[in-house]
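Whenever a hint applies, use it, and build me the whole structure from the sequences.
So the number in this note's numbering is just where the residue sits in the sequence shown, counting from 1, plus 9.
For the record, the hints were derived by calculation from the structure and aren't laboratory data.
Built from N, CA and C at the ideal position, the CB exists for glycine as well.
There is no bait here: all hints are sound.
Per label pair, the in silico range of CB-to-CB distance: (1) 85 <-> 62: 27 to 35 angstroms; (2) 124 <-> 148: 37 to 45 angstroms; (3) 110 <-> 71: 14 to 22 angstroms; (4) 137 <-> 86: 23 to 31 angstroms; (5) 147 <-> 91: 41 to 49 angstroms; (6) 62 <-> 96: 15 to 23 angstroms; (7) 60 <-> 124: 35 to 43 angstroms.
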Amino acid sequence: MKLVNIFLLFFFVLGCNNHIVKREIEIPSSSIEWGVKDEPPSISQCDELSTDVQRKTCFQEKLVELIYNNIDFSKIIVEKQLHDTLLVSLLVDKNGKIFYSGLEISLEIKNQLPKIDSILIKAINNLPEILPATKTNIGIQVSTSFHLPLILKTN
Numbered sequence: 010m011k012l013v014n015i016f017l018l019f020f021f022v023l024g025c026n027n028h029i030v031k032r033e034i035e036i037p038s039s040s041i042e043w044g045v046k047d048e049p050p051s052i053s054q055c056d057e058l059s060t061d062v063q064r065k066t067c068f069q070e071k072l073v074e075l076i077y078n079n080i081d082f083s084k085i086i087v088e089k090q091l092h093d094t095l096l097v098s099l100l101v102d103k104n105g106k107i108f109y110s111g112l113e114i115s116l117e118i119k120n121q122l123p124k125i126d127s128i129l130i131k132a133i134n135n136l137p138e139i140l141p142a143t144k145t146n147i148g149i150q151v152s153t154s155f156h157l158p159l160i161l162k163t164n
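This is the structure:
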C-alpha cells in the first residue's frame, strides 16, 4: 500500500504543470459588429475633440497631411495637368501600424503616374503608428480598414 501511495504522490507531483501560459484572445475583425460607442482609429491630437464627426474629420485631415509630407514631389513629373481624387485603401492593425491595401484611380492618372502605387506605399510605410480602433464593449484593440481620399492636383 505504501508503494501505491508513493507512486500516486510521485505521479501528482510530476503530473502537475505549474507553467501558466498567457494567451491573447484573437477575435476576427469580420465577426465584430461596430456600435455607436466604438472608437475608430485616431491620432492623439484628434482624440481630444468632443464629437465623433470632429475626430473623424481631424483624423482624415492629419493622415492626408502626413502622407503628403512623406511624398517627394521633386521626383514626380507629369506631361499634363491633373486634378483628380485617388481613393487609397488602408489597414490599421491592432498595434496602430498603417498598411497600404489598394488604390482606386482613373486611367489618366495611372498613365501619367505609372509608379503611383510605389510612391504611396513608400509614403505610407513612413507614417508613425497611430491609435488603433477599439471595440469598447469587449475592451480590445482591433484591426480596421478604411478608404482615404487624396486629391491630386498638378500645376
